[in-house]
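Participant: Single-letter residue listing:
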Amino acid sequence: MTTEKEKITESNVNGNNGNNNIELELEHNFRVISPGRMVAKRFFKSRLSVAGLIMIIFVFLFSFVGPLIVDATWGYKENQVFKIERVSDMFTTADFTGPDGMKYTYYDKSQTVITFKAPPSKDHWLGTDTSGFDIFTRLMYGGRISLVISFIVIFLETFIGIIMGGLAGYFGDWVDLLIMRLVDIFSSLPTLPILLVLSATISSIEAIPPEHRIYYLMAFITLLGWTGVARIVRGQILMLREQEYMMAATTTGISSLHKIFRHLIPNTMPQLIVTATLGLGGVILYESTLSFLGIGVPFPRAAWGSMIALADPAKGQDILANYPNMWVPAGILIVVTVLGFSFIGDGLRDAFDPRMKR
Amino acid sequence: MGLKNFFERKKIEGVDNTMYLTLREERRISKENNRIIKYYERQKARKNVPEEEYLTQMRDPNNVVEFDNLHTYFFTDVGTVKSVNGVTFDVPIGKTVGMVGESGCGKSVTSLSLMQLVQAPTGQIVEGSIRYQAGDGKCYDIPKVPKDRMLKLRGKEISMIFQEPMTSLNPVFRIGEQMDEVILLHEEGATPEIAKERSIAMLKSVGIPMPDKIYTKYPHELSGGMRQRVMIAMALLCNPRLIIADEPTTALDVTIQAQILELLREVKERINGSIMLITHDLGVIAEMADLVVVMYAGRIIEKGTVREIFHDPKHPYTIGLMRSKPSGKLKDNRLYSIKGQVPNPINMPDHCYFLNRCDMAMDICHGEYPKMIQYSPTHFAACYLCGESSFPKNDLAKE
Amino acid sequence: MLKYILKRLGLAFIILIGASILIYMLSMLMPADFIDTQTAAALQSGAMTMDDVMRLKELYGLADKSFGGIMKSYFSWLKSALSGDLGFSFLYQKPVTKVLSEYIWLSFMIAFISYILEIAIGIPMGIKASVNQYSAYDYTVSVFAMMGTALPSFFLSALLLNVFAIKLRIFPLQGLTTATKIFDKNAYIQIFLDKAWHLVLPITVLTLLNAGYIMKFTRTNMLEVLNSDYIRTARAKGLSEKTVTYKHAFRNTMIPLVTTLSGMIPGLFGGAMITETVFAIPGIGYMALRATLQGDIPFIMGYNMFLAVLTVLGMLISDLMYMVVDPRVKLS
Chain A
3 MTTEKEKITE SNVNGNNGNN NIELELEHNF RVISPGRMVA KRFFKSRLSV
53 AGLIMIIFVF LFSFVGPLIV DATWGYKENQ VFKIERVSDM FTTADFTGPD
103 GMKYTYYDKS QTVITFKAPP SKDHWLGTDT SGFDIFTRLM YGGRISLVIS
153 FIVIFLETFI GIIMGGLAGY FGDWVDLLIM RLVDIFSSLP TLPILLVLSA
203 TISSIEAIPP EHRIYYLMAF ITLLGWTGVA RIVRGQILML REQEYMMAAT
253 TTGISSLHKI FRHLIPNTMP QLIVTATLGL GGVILYESTL SFLGIGVPFP
303 RAAWGSMIAL ADPAKGQDIL ANYPNMWVPA GILIVVTVLG FSFIGDGLRD
353 AFDPRMKR
Chain B
563 MGLKNFFERK KIEGVDNTMY LTLREERRIS KENNRIIKYY ERQKARKNVP
613 EEEYLTQMRD PNNVVEFDNL HTYFFTDVGT VKSVNGVTFD VPIGKTVGMV
663 GESGCGKSVT SLSLMQLVQA PTGQIVEGSI RYQAGDGKCY DIPKVPKDRM
713 LKLRGKEISM IFQEPMTSLN PVFRIGEQMD EVILLHEEGA TPEIAKERSI
763 AMLKSVGIPM PDKIYTKYPH ELSGGMRQRV MIAMALLCNP RLIIADEPTT
813 ALDVTIQAQI LELLREVKER INGSIMLITH DLGVIAEMAD LVVVMYAGRI
863 IEKGTVREIF HDPKHPYTIG LMRSKPSGKL KDNRLYSIKG QVPNPINMPD
913 HCYFLNRCDM AMDICHGEYP KMIQYSPTHF AACYLCGESS FPKNDLAKE
Chain C
-3 MLKYILKRLG LAFIILIGAS ILIYMLSMLM PADFIDTQTA AALQSGAMTM
47 DDVMRLKELY GLADKSFGGI MKSYFSWLKS ALSGDLGFSF LYQKPVTKVL
97 SEYIWLSFMI AFISYILEIA IGIPMGIKAS VNQYSAYDYT VSVFAMMGTA
147 LPSFFLSALL LNVFAIKLRI FPLQGLTTAT KIFDKNAYIQ IFLDKAWHLV
197 LPITVLTLLN AGYIMKFTRT NMLEVLNSDY IRTARAKGLS EKTVTYKHAF
247 RNTMIPLVTT LSGMIPGLFG GAMITETVFA IPGIGYMALR ATLQGDIPFI
297 MGYNMFLAVL TVLGMLISDL MYMVVDPRVK LS
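Chains as they are written, first to last, in the numbering used here: chain A, 3 to 360; chain B, 563 to 961; chain C, -3 to 328.
For reference, chain A alone in the conformation it holds in the complex:
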């Protein structure tokens, strides 16, 4: 397709000396693309990663821009109670002692006016929940908290992991032994049960205001999750330390710190970015599980997990059976978000290292 142009440049150059000729011809035979651009190109070529990106962008817009629009247009936030009256069947029972001294139970089916659990309408697209909150708005706020938590946790995990893994891998010897045993111990702890214990404890301590629970939660997930990153960093550094270019760097006499942070850590970056992206979904799942059990994001703040908890059959079948608008959208959003992060993570892995293509 570019033969025309090639020929033109060729004939232009041909008069010059031969060396120049070769250089020029090489230049258009070999297209040098910067590594970053190469990765981006490979990433965007995979349909799944593009799909993942679109999913995540959607969730981000929904949960960060959505609340702003709602607030600006209608002027309410996640815990605005709407009293929408509607008639509903109601069953009431009462025990009483009759004049004959016998105990009786009194059943009454009546129609009452309730102000919550409104069905989807033009004003409330997904209706209102058991507390009269607008579900659609709460989905936005729930997404916001999930995403914020997951990004902060992954950032912290990666940070701690890089430091610990870097120290272990670079210094080796007893430092390595100590850190790796620590990693072993932490990874032998059962994540979910321990998280449950910690969260349950925190929510039972009255001195801690419920708003702060979320920070403790992030700290706990980080505490139990840094070992993976540390292992990766250590492994990579052990591998890289044996490479020739590290030998070359050593011979130039640079300091060890310089060596770690200029040469070793950047080389582990691709794998860390992939691990971090895949980890984001995992954190969201943990957070929503805790919220589902009522020990995550505290009420009245919205969380996807606690929205699904409304359908918990232990609390009665009514919502599970009759109000899918209350819990199905939250579940779908969790799946979309986690799936989006996995698609992106997988796409990035393939883009960084085409040899390992899935």
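Simulated from the structure, these hints should not be mistaken for laboratory data.
By construction, the Cβ of each residue, glycine as well, lies at the ideal position given by its N, Cα and C atoms.
Hints may contain errors.
Subject to a maximum C-alpha distance of 25 Å in a straight line, what follows is the list of computed BS3-like cross-link-like pairs (lysine-lysine) [claimed, not checked]:
1) B:Lys709 to A:Lys47
2) B:Lys593 to A:Lys43
3) C:Lys163 to A:Lys317
4) B:Lys609 to B:Lys766
5) C:Lys181 to B:Lys600
6) C:Lys191 to C:Lys181
7) C:Lys124 to A:Lys47
8) B:Lys830 to B:Lys714
9) B:Lys657 to A:Lys43
10) B:Lys709 to C:Lys124
11) A:Lys261 to A:Lys85
Stretch by stretch, here's where chain C covers chain B in the computed footprint (C-beta under 8 Å, at least three residues) [as the list claims (entries may be wrong)]:
12) 722 to 730
13) 743 to 750
Okay, the calculated beta carbon distance ranges per label pair [what the hints assert, rightly or not]:
14) A:Ala316 to B:Glu594: 55 to 61 Å
15) B:Lys709 to A:Asp175: 51 to 57 Å
16) C:Ser131 to A:Lys85: 41 to 47 Å
17) A:Pro37 to C:Ser97: 56 to 62 Å
18) A:Ala53 to B:Arg608: 33 to 39 Å
19) B:Met924 to C:Ser131: 16 to 22 Å
20) C:Lys163 to A:Tyr106: 31 to 37 Å
21) B:Lys709 to A:Gly237: 38 to 44 Å
We have chain A; now place chains B and C onto it with these hints.
Facilitator: Below, chains B and C alone, put in the same frame as chain A:
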């Protein structure tokens, strides 16, 4: 001067930019590729193909294999790579043909095409034929042979020795299992006992000490040289008519290399078969081959007998190769190297591919790709340099 | 070989001691009055005496928060734990070890059946996807596999309950037995069938969640193997594509597969907290979640220690299996 340079650079950057494939272009290419690949794959997957379709006649009954205008392309996402682009040469019965060239020039793909082992689905034989004269007297056109029929040729009549003995043996099976498998597969009525006996005998014949011990070992327990011997033994198990040795000594120590070459030569005499020896080591060619094929960027640029190629090379590339061979005789100790690199296999120019690296380029070289010119009954070269050949039967040259 | 195993066992012991210290410290996070509120009911019912509560506080380092006090109480806890006494659960009013041994079997059965199903579904699909890389089959299966790992168990459970238990009324909603049916004591078959019927949905949930992981794992490893040199050798021998895939390639993929899968086996005893709870199946996960939410410290510590042991055991088994299936590591 400065201004002129400035303009020139600009122009080239413009060319560069247009040569980046946009996402849409790549999508179009991969769509196109899918269509092409699907067509060839469907062709290959056909069942019950009648024999007439893939049986043919040899041009010369003294040949075991005739490559005729073979084209093997790889349909990659950035464009079509013409790995083998019109290759024609013969492998006579009982002779060793050496194939030389830089890495990526299509030597291995040529040999894999003969085995129908080109990495599908991206790699496909798109044109030309490979005629193979089988032991039963039939002549197969390999690209058209259906998959199940090919299984009976592969490993039995044509066997292959690979470059990397360290990774070419399956690490989880014992040497014996991997060898017996070949016999049990190809020999009718072979029992495990017979297979074992044959395998051990074969191991012994390739110079492996204590073959019955090695028979029960795993590949990782052997050295590289030993593994290559095992590979050779495995290739010989069914008395093949043709052995393809794809850089059999490259990964080995120099001392072991000599032993392996010696073994290969011995083997050839023993089975009275032919060998296709792929290498970039001219020393190996000089030692082993009867005929030499020099490839460059997917095409044969020169072929002839060892004597002709070594003593009277015609193509500047061959001449360069000969000069870049380390030799004690040269007074000047500096090693010669051919400048530049092989051109990008996608979007090959329509002139001689060697032009940009050639010391002896002429104006005519910017024209179309030079034809094969015949210099002797066996010696051909594709270059304008030597002009019309002195050899009278010029019209015999097919290309 | 024996030396290696002993070394690994020693290491496992060290890890477990470390884990026990961590778990112990966790229980120290709990404020002392937390115990009071949590034990109030037991005290009232007479199941525990004030002495028991004090002993509990002491044992879990809640009474004396000085370093010496903590160390003392840790070692006394460790001593009794090593002798097989994990304390007395005040929620279930039984020794912790007894609760464990009573409830793990149901959990194990559920987990084991779904483990078998996951393998039976995941491995063949993974192989097929890897052989037909980039085909429509490959994409579909991969997307479904990822979907499985992205689904929260409680959401999938709720969906299945909504469809199969409420809308279609095929399967029961919760529990392990049908409360309205009264079976003859000797009608074992009927009782068994009734229970099995209740377990279909939980097992489906666990299988759907994990089969994708096994499928993806098989596929990745299979692809790696299929691109290796020895597969080309096998093809060059003239072996059929079937033999190449199922004998030469799969035997190599078995190495990571067997090590990973065998390492999962101890974990099957750990129970599936969320799924069991949503379906109200009285397995160990259900019991543990209840105990956790109610602050039953002896049970929490015992259960988490039990899980840590299972994890370490899994790692040990997977290392040993690696030696069994990979001939290359046999000698080292």
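Participant: Evaluate each hint against the coordinates.
Facilitator: Do the hints match the structure? See the list:
{"no.": "1", "hint": "B:Lys709 to A:Lys47", "in the structure": "violated (33 Å)"}
{"no.": "2", "hint": "B:Lys593 to A:Lys43", "in the structure": "holds (17 Å)"}
{"no.": "3", "hint": "C:Lys163 to A:Lys317", "in the structure": "holds (18 Å)"}
{"no.": "4", "hint": "B:Lys609 to B:Lys766", "in the structure": "violated (41 Å)"}
{"no.": "5", "hint": "C:Lys181 to B:Lys600", "in the structure": "violated (65 Å)"}
{"no.": "6", "hint": "C:Lys191 to C:Lys181", "in the structure": "holds (14 Å)"}
{"no.": "7", "hint": "C:Lys124 to A:Lys47", "in the structure": "holds (24 Å)"}
{"no.": "8", "hint": "B:Lys830 to B:Lys714", "in the structure": "holds (22 Å)"}
{"no.": "9", "hint": "B:Lys657 to A:Lys43", "in the structure": "violated (49 Å)"}
{"no.": "10", "hint": "B:Lys709 to C:Lys124", "in the structure": "holds (20 Å)"}
{"no.": "11", "hint": "A:Lys261 to A:Lys85", "in the structure": "violated (64 Å)"}
{"no.": "12", "hint": "722 to 730", "in the structure": "holds (count 5)"}
{"no.": "13", "hint": "743 to 750", "in the structure": "holds (count 4)"}
{"no.": "14", "hint": "A:Ala316 to B:Glu594: 55 to 61 Å", "in the structure": "holds (57 Å)"}
{"no.": "15", "hint": "B:Lys709 to A:Asp175: 51 to 57 Å", "in the structure": "holds (56 Å)"}
{"no.": "16", "hint": "C:Ser131 to A:Lys85: 41 to 47 Å", "in the structure": "violated (55 Å)"}
{"no.": "17", "hint": "A:Pro37 to C:Ser97: 56 to 62 Å", "in the structure": "holds (57 Å)"}
{"no.": "18", "hint": "A:Ala53 to B:Arg608: 33 to 39 Å", "in the structure": "holds (36 Å)"}
{"no.": "19", "hint": "B:Met924 to C:Ser131: 16 to 22 Å", "in the structure": "violated (51 Å)"}
{"no.": "20", "hint": "C:Lys163 to A:Tyr106: 31 to 37 Å", "in the structure": "holds (36 Å)"}
{"no.": "21", "hint": "B:Lys709 to A:Gly237: 38 to 44 Å", "in the structure": "holds (41 Å)"}
Against the hints set out earlier in the document, violations occur for numbers 1, 4, 5, 9, 11, 16 and 19.
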